[in-house]
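Peer 1: If you're matching them up, the sequences are chains A and B in order. The first sequence begins at 1 in the working numbering and counts up one residue at a time. The second sequence begins at 314 in the working numbering and counts up one residue at a time.
Simulated from the structure, these hints should not be mistaken for laboratory data. Any given hint might turn out to be false.
What the hints assert, rightly or not - In the DMTMM-like style, the derived pairs of lysine to aspartate or glutamate whose C-alpha atoms are separated by at most 25 Å in a straight line are:
1) B:K904 x A:D124
2) B:K583 x B:E597
3) A:K53 x B:E597
As the list claims (entries may be wrong) - Selected chain A positions facing chain B (Cβ under 7 Å, derived; list incomplete):
4) S47
5) G95
6) D151
7) G154
As the list claims (entries may be wrong) - From chain B, some residues computed to sit far from chain A (all C-beta separations above 10 Å):
8) L436
9) D439
10) L462
11) R585
12) V692
13) K1159
14) V1205
Think of the CB as a built atom: it goes at the ideal place given N, C-alpha and C, for glycine as much as any other residue.
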Amino acid sequence: MHRELIHRRSFLALLSAAPSLLCLAGCDEKSFSTGRLVSVWGRRGISDGRLQKPRAMAIDAHDLVYIVDMTARIQVFTTDGQFVRGWQTPVHDNGRPTGISIDRRGNVMVADTHYFRLLIYSPDGKLLETLGGTQGHGPGEFGFLTDAIEDSQGNLYISEYGEFDRIQKFSPDRKFLLEWGGHGSEPGRFARPQSMAIDNRDQLWVADACNHRLQTFNTEGRLLKLWGAQGSRPGQLSYPYGIALDGQGQVYVSEYGNHRVQKFTPEGRTLGCWGTDGRAPGELYNPWALARDSRGLIYVLDTNNHRVQCIQM
Amino acid sequence: MFEIAFDSPWYLALLTILPLVWWFSFSSLAGLGQVRRAVAIGVRSLVFVLLVLALAETQWVRVSQRLTVLYLLDQSLSVSQQQSDAMVKYVNRAISRQRDRARQDRAGVIVFGREAAIEIPPLDEDQQMPRVETTVDREHTNLAGAMKLAQASFPHDTAKRIVIITDGNQNVGDAIEQARALAEAGIGIDVVPIRSSAESEVAVEKVIIPSDVRRGQPFDLHAVLSNSAGEGQQPAPVEGRLQIIRKTSNREQTISDQEIKLEPGKRVFKIREEIEQPDFYTYEARFVPRDAGHDTFQQNNQATSFTHVRGSGQVLLLEDFEHRGDFDLMVERLRAMNLEVTVRGTRPEELFTDLAQLQPFDTVLLANVPREQFSDEQVEMLVRNTQSMGSGLVMLGGENSYGAGGWTNTPLEEAMPVDFQIKNAKVAPVGALTMIMHASELPEGNHWQKVIAREALKALGEQDYCGLIHWQMREDWLWYPGLLKVGGGNRDRMLARLERMTPGDMPDFESSMVMARNEFAKLPDAAVKHMILISDGDPSPPNYGPNGAIGTLKKMGVKITTVAIGTHGPPGSTPLQNIADRTGGKYYVVKDAKTLPRIYQKEARRVARPLVFERQPGFQPQIKFPHEMIQGIDEQLPPITGFVLTNPKKNPLVEISLVSPLPTGTDDNTILASWTYGLGRTAVFTTDAGKRWATSWTGWQGYDKLFSQVVRWSMRPTGESGKFTVSTDVQDGKVKVVVTVLDKNDEFLNFLNLGSTVVGPDMKPIDLEIKQTAPGRYIGEFDAKKTGSYLLLISPGPGRTPIRTGVSIPYSDEFRERQTNEALLASIAATIPRQGKAGQVIDAPKNLAPAERLTKLLETNTFRHDLQRATSSQAVWHLLALSASCLFFFDVFVRRVTVSFDWLPLLAARIGDRVLGREGRPDVVATMERLRSSKAAVSDQLEQKRAALRFEPAPDAPGDVTSLKEELADSVAAAARTAKKTTSLTSEQEQEVYTARLLKAKKKVQAEMKKEPSQQENENN
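Model the full structure from these sequences, guided by the hints.
Peer 2: Here it is in structure tokens:
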């Protein structure tokens, strides 16, 4: 009888503990899971409107989505995935671009990574300007370009990786102003600064991908913030490739290694994750980039699934 | 579009008994009234029909209107580049103009030669291919193979058509048979014939010489040439030069070079020839036209033939080109012992490329040469040369030989009397190898990464550890726990895992290197720790700091070799070079992926290096078995300081002549061993010939004797083999071998059992059976469809020297057939597919300009839909059975329950009044009254029923009645009190109180009734 009682008690204790254990176990996935899938569009292919391993994405002020893929095509879509127009970079035998962004005038800046240059196109695909083109680590020379961004004064920041992971700053008339960074894991250095975003205080947010962290700089390259550590738990990062800001201070990061999007406060506290690895809608496979439209919806470039997923987060 | 089909339609015959169901139901359901009976019969009929349909296994069939067209492009050598370009243009236009986008038709492209490959998978896109990018073996045309691949590549949910663009000159497979199979599967076939170009053609068809001639015996060489005119051209003579070249193992000599005028048709040119030196000779006839415009294909302008003049034994010694001269002393001594030794390096231009080139030699010595200096084919040739052609093969040791030379798991290891892997871990320190794979953007990157990983894995010993890191969603080991011992059956499992490897885009090297470092740390005893990294240089470089991956790996003694391939832009990658430089590894820049396997073999060899056993001041090899190779050798051999560890094969044929006293307690100490392998002999000598380990042997008097005896033992028997005459003839892809045998008295020798071996250009043995067909005459035949040398060895019997000869197929059949095979193409197109129409031969007059011809070809719509439509069916019998079950209940309901519809007119009238705004009619009140009276009547009936069921106390229990009355009176009084207190009590509650009291009273009566008998019993007692 006594033994039976103990058993019953143990059973009840276990029963009561189980939900808490389950709660703890699911902490990674469930309790921090946030966001809602709105739509999925894009299909693998090389014809107009289809995507072949897309690696960079940007959204302009008119909510047009610019995507560059492994065929070196820059394709323009509406936010519901309707193909609008497209063009291709002049040469791409050496490799395809891995970065795209929109400047203040609405022009499209394409990081032509393996040609060590930045291509600036009008929104309809007319090549307006080419910056760089020489491999090297001198001023105005580049390694593998990853991204470019403009601040409110029209200064241009260009990130690169390879031997000399750094950011170079150019004046609006394309004069070299300064550079900072270098390959390494110390604060202020980079290991593949894959993408950048700039906030309304002209603070530069850099996705320091292979150091699994984000760094924030002022326009003179002074380090302001640094947070993030490698891992798969909420709050941790694994190869943050894409970064987007919502203007309210929140930061959205696409993680190449964790196959998810994570939302943070400016101080690096996680506000939740969306996505897991896989091929079904709502699942991601090595996402490279993400962008935000005027309605606040987040578009994730689901690279190895050759598509775009739109989420509300 | 949907249809219905039945898997067991004969069950539908049961529907004929439906009238019987009606007849029985009509009479048995007469009492239900007309409407209910009709409904009941209807429902019953429906149930019956549904059950019958379920039994008939009804299928719901979806019919697809989509069509898939696969274009099959002939890329064999008989198709010129111009014609190939025209094909691409045609296919691009056909897809963009003819594909029905609304119907979501699909289009795809397959290219074929000897094998077929998918150029573009079937997709519903207007795909445009700039050019054909897939490479196939162009030396043959395998139409049937391409059709088979197409059949397997079609999506299942569309109609199917193939459009074959070819000249129809197939030389592998049977396209007609395959067309029938396609027709049976409902696949339509259209054909676009390729018209041969109009130019004339000159070809050297063959060179005829006796295959086995005697020294000084004159013989005639016949060169057969043909000159044919193009379609619609007048035959005309062609002028040019005919050259006859004689090649031996070490020189090439033009024996005839003459201007000729080649008349139309076949012509034979004869040259008298005589050979003085014994050797294996190759004769080549070459025709060079004066005007190249008279000749469409240059590839068929030469032909070769072999002959053999027997003489003394020839030895070929292959030495490492990076260590030339290491065996000079031994070569010198062998020559002094009357052996003809030819020394060659292992540079690709020096090495043999054909089995025929090994035939002048009776034994081959591999003098401390590493595996990676030979291609797979060359290794196979060495083995076949021994196994099938009876040559000797001797491996001489050194630090680049046996397992230390990367020869583990090669066909050559199989041919040797010892295994190159060591099973005794105590003897051989282990090595550990990690491979990091990141070459996914390389063309066919996946394939090459599998190939190199396989080669490295094969070169490792049983005791070695191997791991492979790739990016598959994240950096990961291909097998667990990372570095895994290769032995114990793991090698096969690892090889199987390699097949599933699909390396992705790795962001950086640091994480992978950290993973590798952690695994290396678990193997502190590993003598060699090595890493090979292949990449396009895209990943972010590792951390070079002292605590980063590179720093810690270096501290652990791990060397990293990097291979830069497919680097973006300029060849090479500085970060990859830095990694190699900082860790002491090698850095390779590779432009051609074909060189990768050798690099991996060489690098894996670094891990296998512990297989070398060295001890100072040295140890004396001991004689274990007095083999003829060591006859007359002094038992006190000079000491050696090292050798390569090997393990003798567990085979009674293996004879171990010399062993080392060290290491003790193992059988991995073979110094000299031999056995017979196939028709030849192989021997291993695991120490060197005096350069590093056997230095004290150079002054030893037994040196010459030992090495010359080893070499002589291994050599193929030489000498006169009797009066055997062998001739070969090539006709229609077959080689006919005729052997004539005479005895000493020039009488025919009959009833001989002639053994024969044939080795094809792919080094695979070919069956050849030689049978006697006439006195002294023996004939055999074998297929020879591939281009290259076919070598024959005929064994006349015990005690006789084998006869060797060869046949050369100089060029592909693609250069023989030049006319379009109209008949074949017409037959293929005429095949009628199941439930469809026959295909079409899509052609245009040849005299049209290319653009007009293309327009004409595009007039035929290849996306026309006259084929069997694709269907997909779904069984619905279970749904039908479920519906029948539900309806069966409805059937019961209709029969058992009367449903009144009197309320319907009233409801309609009330709605009408409401809608039309009319006042209520007086008869409504009357109706309500009727309803009320009906309700009262029903209540009375119910009350009567309840009364009939209610418990009534027995009349012989008056006391009980009194108590019940009192109880009831109490209850009523209590109820009245309660009612005063709570006026809000509902009638339902009242009812409950009433029922509870009744129950209580009932229970009380029952209890008293139970007490009564017990009281009676007590009274009785």
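Peer 1: Against this structure, judge whether each hint is valid.
Peer 2: Status of each hint after checking the structure:
1. For the suggested pair B:K904 and A:D124, the alpha carbons sit about 38 Å apart, so the restraint of at most 25 Å is broken.
2. At roughly 13 Å between alpha-carbon atoms, B:K583 and B:E597 fall within 25 Å of each other, so this suggested pair holds.
3. Between A:K53 and B:E597 the alpha-carbon distance is near 53 Å, which puts this suggested pair outside the 25 Å criterion.
4. The beta carbon of A:S47 comes within 4 Å of a beta carbon in chain B, closer than 7 Å, and the hint placing it at the interface holds.
5. The beta carbon of A:G95 comes within 4 Å of a beta carbon in chain B, closer than 7 Å, and the hint placing it at the interface holds.
6. Annotation: A:D151 was flagged as interfacial toward chain B, and the flag is violated, the nearest CB pair being 26 Å apart, outside 7 Å.
7. With 7 Å as the threshold, the beta carbon of A:G154 stays out of range of chain B, its nearest partner Cβ sitting at about 30 Å, so the hint is violated.
8. At the 10 Å boundary, the C-beta of B:L436 falls inside the reach of chain A, the nearest C-beta of that chain being 7 Å off.
9. For B:D439, the shortest C-beta to C-beta distance to chain A comes to about 6 Å, within the 10 Å cut-off, and the non-interface label is violated.
10. For B:L462, the non-interface assignment is confirmed: its Cβ lies about 22 Å from the closest Cβ of chain A, beyond the 10 Å cut-off.
11. With a closest Cβ-Cβ approach of about 58 Å to chain A, B:R585 is found to remain outside the 10 Å limit, as its non-interface label requires.
12. No Cβ of chain A approaches the Cβ of B:V692 within 10 Å, the least distance being about 36 Å, so the stated non-interface status holds.
13. With a minimum CB-CB distance of about 34 Å to chain A, B:K1159 clears the 10 Å threshold, and the non-interface call stands.
14. Listed as outside the interface, B:V1205 is consistent with that label: its C-beta sits roughly 46 Å from the nearest C-beta of chain A, beyond the 10 Å cut-off.
When each numbered hint is compared with the structure, violations occur for hints 1, 3, 6, 7, 8 and 9.
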